[in-house]
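These protein sequences, in sequence, are chains A and B.
Here the numbering used here is used: the first residue of the first sequence is 1, the next is one more, and so on.
Here the numbering used here is used: the first residue of the second sequence is 1, the next is one more, and so on.
Do not rely on the hints blindly, as some may be mistaken.
Cut-off 27 angstroms, straight-line C-alpha distance, at most; resulting in silico cross-link-like pairs (DSS-like, lysine-lysine) [as the list claims (entries may be wrong)]:
#, chain 1, residue 1, chain 2, residue 2
1, A, Lys607, A, Lys594
2, A, Lys381, B, Lys22
3, A, Lys195, B, Lys89
4, B, Lys89, A, Lys141
5, A, Lys381, A, Lys176
6, A, Lys121, A, Lys141
7, A, Lys141, B, Lys11
Pairwise CB distance ranges, derived in the manner of DEER restraints [to be verified]:
#, chain 1, residue 1, chain 2, residue 2, range
8, B, Lys15, A, Thr400, 53 to 61 angstroms
9, B, Ser19, A, Arg241, 48 to 56 angstroms
10, A, Glu274, B, Lys61, 55 to 63 angstroms
11, A, Val326, B, Glu14, 57 to 65 angstroms
12, B, Lys15, A, Leu78, 24 to 32 angstroms
13, B, Glu14, A, Thr497, 46 to 54 angstroms
14, A, Arg241, B, Lys31, 57 to 65 angstroms
15, A, Asp48, B, Lys15, 48 to 56 angstroms
16, A, Glu279, B, Lys15, 26 to 34 angstroms
17, A, Glu355, B, Ala2, 24 to 32 angstroms
Selected chain A positions facing chain B (Cβ under 10 angstroms, derived; list incomplete) [said to hold, decoys possible]:
#, residue
18, Ala2
19, Ile40
20, Asp42
21, Ala47
None of these hints come from the bench; they were simulated from the model.
Quick reminder that beta carbons are idealized off the backbone N, C-alpha and C, glycines included.
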Amino acid sequence: MALLQISEPGQSTAPHQHRLAAGIDLGTTNSLVATVRSGIADTLPDADGYHLLPSIVHYADEPLVGYAAQKLANSDPLNTIASVKRLMGRGLADIKTTGTRLPYDFVETDAMPMINTAAGKLSPVQISADILQNLKQRAEKSLDGDLTGVVITVPAYFDDAQRQATKDAATLAGLKVLRLLNEPTAAAVAYGLDKNAEGIHAIYDLGGGTFDISILRLQKGVFEVMATAGDSALGGDDFDRLIAEWIMQQAGIAEDAEHQHIRQLLEIARTAKETLSTEDSALLNVKFIGWQGELNQQQFKQLIDPLIQKTIMPCRRALRDAGLTVGDINDVVMVGGSTRMPRVREKVSDFFKCEPHVDIDPDKVVAIGAAIQADILAGNKPDDEMLLLDVTPLSLGIETMGGLVEKIIPRNTTIPVAKAQEFTTFKDGQTAMAVHVVQGERELVTDCRSLARFELRGIPAMVAGSTRIVVTYQVDADGLLSVSATETITGIHSEITVKPSYGLEDQEIERMLKDSLEHAKDDVATRTLREQQVEADRVINALRAALKIDGDRLLKQDEFLTINTALDQLLKLKDGTNAQAIKRSIEKLDEVTKEFAARRMDASISKAMKGHTVNEFMEN
Amino acid sequence: MALTLTETAAKHIEKSFDSRGKGIGLRLGVKTTGCSGMAYVMEFVDTLDDQDQVFESQNIKLIIDPKSLIYIDGTELDFVREGLNEGFKFNNPNVKDECGCGESFTV
Chain A
1 MALLQISEPG QSTAPHQHRL AAGIDLGTTN SLVATVRSGI ADTLPDADGY HLLPSIVHYA
61 DEPLVGYAAQ KLANSDPLNT IASVKRLMGR GLADIKTTGT RLPYDFVETD AMPMINTAAG
121 KLSPVQISAD ILQNLKQRAE KSLDGDLTGV VITVPAYFDD AQRQATKDAA TLAGLKVLRL
181 LNEPTAAAVA YGLDKNAEGI HAIYDLGGGT FDISILRLQK GVFEVMATAG DSALGGDDFD
241 RLIAEWIMQQ AGIAEDAEHQ HIRQLLEIAR TAKETLSTED SALLNVKFIG WQGELNQQQF
301 KQLIDPLIQK TIMPCRRALR DAGLTVGDIN DVVMVGGSTR MPRVREKVSD FFKCEPHVDI
361 DPDKVVAIGA AIQADILAGN KPDDEMLLLD VTPLSLGIET MGGLVEKIIP RNTTIPVAKA
421 QEFTTFKDGQ TAMAVHVVQG ERELVTDCRS LARFELRGIP AMVAGSTRIV VTYQVDADGL
481 LSVSATETIT GIHSEITVKP SYGLEDQEIE RMLKDSLEHA KDDVATRTLR EQQVEADRVI
541 NALRAALKID GDRLLKQDEF LTINTALDQL LKLKDGTNAQ AIKRSIEKLD EVTKEFAARR
601 MDASISKAMK GHTVNEFMEN
Chain B
1 MALTLTETAA KHIEKSFDSR GKGIGLRLGV KTTGCSGMAY VMEFVDTLDD QDQVFESQNI
61 KLIIDPKSLI YIDGTELDFV REGLNEGFKF NNPNVKDECG CGESFTV
């Protein structure tokens, strides 16, 4: 008969109506799936008892996922795809410039990168879908039913494209995504930190190949990512390599040893590293040259301390970016297998001056947090259970005249969110408007990331500044953006869902944030200049139009000359770099055209008043 | 009248309460629904209802409303693993017939 689970009071479901939910940690090296059963959140093992699923897929007849695929990595490297998460939501050009050397046979395309395999051309989304499919099957076998929905975790710095790609992969795998959740947020949830009213938490995540530090602030049920920093090429593998190199030195093995031997050495190094987490020393036995040695705690610490130090620098940077000091941090949560090393815990504890949370298996903590959220979102908890909210990682803005960025949704805004802003036409008779959506903290479009462009056509031809176009930015609960523009008189409408074709490296986001701070002063200066240039263009356009209509009729020859001289001066100055000079020149032009403007106004008033008495106007 | 737990079930229930962090006992019961008449209910209990009867087995309070008790009196609750799946199982002497899926039953 069917097996039963304990429900929350009043939340029992009817037979065949179970709300089965799971949390998925879709990792670069390993993936996991977790669920809440009878009030216990835990990861689900496969039939062989393994909780971790290596994020590796081998393509031949049938896709093979996990350990089975890992075994084929050496014999069939081109068809064995690992670390596909690094490619999610990226363009081929991005991948080539990030320096991540992936030994696959890429197909040259403009948009999504595709990899040639024995199973045909495959996109990173399809490969991720195969990993998710495997976890889905595992969960459905374990829960004895179809999944209602899942929560999938993504790095806090993942941009729109990367989040969308992750969601697409889930859809392809036949999963309903209840929510994408930031990995550090999930870790905080696993420790129940969301149950506190408020607090500031540091999530230290040292995995197999990457290091991330995130500073989260919990306030009124919202986790805000205050800062993220890290090193996308630092992880447990680097510790293994370091120990392996030390063994080579001790044993006198040449640096250009055979590939197979290096692999064996790395394996010995990894075992030694794990042994030293609990023992005082580790025996080293290099069989292929018959060498035996020992690595003691002292030597081990000396070896790895510089690497651990490399993780402390980003911690310091993240704190500085968040405008905080060590004393502001309430909790430190350890995530990632490499935080099992006692020396890492020691150093992190020294730096943050508090004992980090280590009770939950650091490999599982993110998946467990995701499962807890999934359980709530699927409706298995009473309504008063707090629903967690996330925030936008970077500001979302629109390009305005002069290549400037107007921020519509600032960074760290709680999502879901919708914000509208009104814009108008710049030129008389303008019938179309280009909407350029950008992401980033800088003042100039060229320094931000372009997300999408679209056009609103069919705007009724009117005088500049008299149409009203409402542009709405909407970010859904998964951090995905859609933008719409509506002209308020005719109601014409145009919109786009942002699915950019290329991506940002995490360091690049970090760089963008840093740049925005470092260049704050330059940016303000540039902004001032551009604003003056835009204003100059506006004044010149308006004056030329007025002169064309009324110049001959209302101006004397010398007045015409004075205005023209001032106009020429502004035309000359406006493409320069002196904002002050442009400003003065605009003021000068304004001054010499005052009389002209007054006469034009008089003329139009007397035209309007023709046949009426002043009293009629007074009464109104 | 009695309800009992196997040792495995008791251990797992204890773990569940530890993880949840609150609760005075475990509610067992039936509700009339499902493809074959009745379905089992298992819920954490934070507050007792007036009519509730309380049994104790392996130091765990088992709470049940009097109507449900008629249908599941004498039940032993077990915790089992079947392949990857794991969960609780009612060994209920009153059951005459189960639906194919085993999620509901008749007495």
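Against the structure, the hints come out as follows:
no. : hint                                   : in the structure
1   : A:Lys607 / A:Lys594                    : holds (20 angstroms)
2   : A:Lys381 / B:Lys22                     : holds (14 angstroms)
3   : A:Lys195 / B:Lys89                     : violated (33 angstroms)
4   : B:Lys89 / A:Lys141                     : holds (17 angstroms)
5   : A:Lys381 / A:Lys176                    : holds (19 angstroms)
6   : A:Lys121 / A:Lys141                    : violated (30 angstroms)
7   : A:Lys141 / B:Lys11                     : holds (23 angstroms)
8   : B:Lys15 / A:Thr400: 53 to 61 angstroms : holds (59 angstroms)
9   : B:Ser19 / A:Arg241: 48 to 56 angstroms : violated (39 angstroms)
10  : A:Glu274 / B:Lys61: 55 to 63 angstroms : violated (43 angstroms)
11  : A:Val326 / B:Glu14: 57 to 65 angstroms : violated (39 angstroms)
12  : B:Lys15 / A:Leu78: 24 to 32 angstroms  : violated (46 angstroms)
13  : B:Glu14 / A:Thr497: 46 to 54 angstroms : holds (49 angstroms)
14  : A:Arg241 / B:Lys31: 57 to 65 angstroms : holds (59 angstroms)
15  : A:Asp48 / B:Lys15: 48 to 56 angstroms  : violated (23 angstroms)
16  : A:Glu279 / B:Lys15: 26 to 34 angstroms : holds (30 angstroms)
17  : A:Glu355 / B:Ala2: 24 to 32 angstroms  : violated (47 angstroms)
18  : Ala2                                   : holds (5 angstroms)
19  : Ile40                                  : holds (5 angstroms)
20  : Asp42                                  : holds (9 angstroms)
21  : Ala47                                  : holds (6 angstroms)
Hints 3, 6, 9, 10, 11, 12, 15 and 17, counting from the list given before, are not met by this structure.
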